[in-house]
Amino acid sequence: MDCKNIEDILIFYALNEISGAEKEEVQKHLNKCETCNSIYNNLKADLNIIDEEKVTVINENFTANIMSEIENISSEKMKKNNIIKMFQPLAAAAGIILILTIGILTGNMIAADSTQNITNTENEIYYFNDLQQENAEFFLLNE
Amino acid sequence: MTESELINKILNGDKALFSVLINKYQKQVINICIGFVHDISKAEDIAQEVFIEIWKSLKKFKQQSKFSTWVYRISVNKSLNYIRNEKKYSGADIISISSLKNGNEIEANENYNSDFDNETNERKKIIWTAINKLSDKQKTVFVLNKYNNVSYNEISEITGYSLSSVESLIHRAKLKLQKELISFYKKR
Ligand SMILES: [Zn+2]
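Chains F and V supply the protein sequences, listed in that same order.
This note's numbering applies: residue 1 is where the first sequence begins, and numbers increase by one.
This note's numbering applies: residue 1 is where the second sequence begins, and numbers increase by one.
Treat each hint with caution, since some may be false.
When the alpha-carbon atoms are kept at most 25 Å apart in a straight line, the in silico SDA-like pairs for lysine to any residue are as follows [unchecked claim]:
(1) Lys15(V) with Ala64(F)
(2) Lys54(F) with Lys187(V)
(3) Lys176(V) with Ile6(F)
(4) Lys54(F) with Asp117(V)
(5) Lys176(V) with Ser68(F)
(6) Lys187(V) with Asn121(V)
(7) Lys9(V) with Ser68(F)
(8) Lys62(V) with Leu21(V)
(9) Lys60(V) with Ser74(F)
Hints in this document: simulated from the structure, not taken from any laboratory.
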């Protein structure tokens, strides 16, 4: 194998993903070629960063923060439900007024509404469908 | 208690048990996020969003697929969204100076040696830049596999790509990294 061949498979060697005769040939070349050996050492050290980055211990504070966040969400939801119950009698009256108002304002609101839709969809994309309901979104990921 | 028993208990009102699920998956979720953003505090922010999302939609989770598959899929989605938004607002590379500084401080405590720090920071910059040059698809499969040891089969379930697509995406991701890294060494 010459230097070019080595450069084409060195990452697989560094990741320990080749074996047998191929592995031996790479080893042999690295022993006699300083240039490739130095590339290999750099590659190996850079790939090691990946393992060094990973967290290895459980952070109890992280868990506690989420649990209190969840507590907030639940109590806000309860408050909302209570408010809805309180205002239910008024809802019918409000509905009638609303229908009248909508009739007057519809013309103006169409323009504003369509821009709002655009910003909403921009906010979060489901690259991979969380609940596997629609398939269309897989194509959002272009290579 | 099995995982599905745990989930059922949580759904039946035992909220406190959700912390068991968080503890079980927090390292995995955070490591996936780290693979995308390379910054522990950003990764923890995204991971927090992931668990809140899991909490909110737990009752919609269909138990015929593996829970981990669902968790990892949400982690990838949130991470890709985070990167996309960050790019949109800053227009810049996601490797921030602050993340390199943080790394520097951590290592300085463990091993006070400025040569070592500079070399490690240099290596971080090189490998993170190379990983960021992968396409979203390549990055997704590479991060799941290398930052969280997810099997090719499970990656296929997470992404909806066929097993052979996953294999070829990972292969191409490695070739691309190899090319980027080697051309960088040669320029230096
Ligand atoms: Zn050589």
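Outcome of the hint check:
no. : hint                     : result
1   : Lys15(V) with Ala64(F)   : 13 Å, holds
2   : Lys54(F) with Lys187(V)  : 29 Å, violated
3   : Lys176(V) with Ile6(F)   : 15 Å, holds
4   : Lys54(F) with Asp117(V)  : 18 Å, holds
5   : Lys176(V) with Ser68(F)  : 43 Å, violated
6   : Lys187(V) with Asn121(V) : 18 Å, holds
7   : Lys9(V) with Ser68(F)    : 19 Å, holds
8   : Lys62(V) with Leu21(V)   : 16 Å, holds
9   : Lys60(V) with Ser74(F)   : 17 Å, holds
In summary, the structure is inconsistent with hints 2, 5 from the numbered list given earlier, while agreeing with the others.
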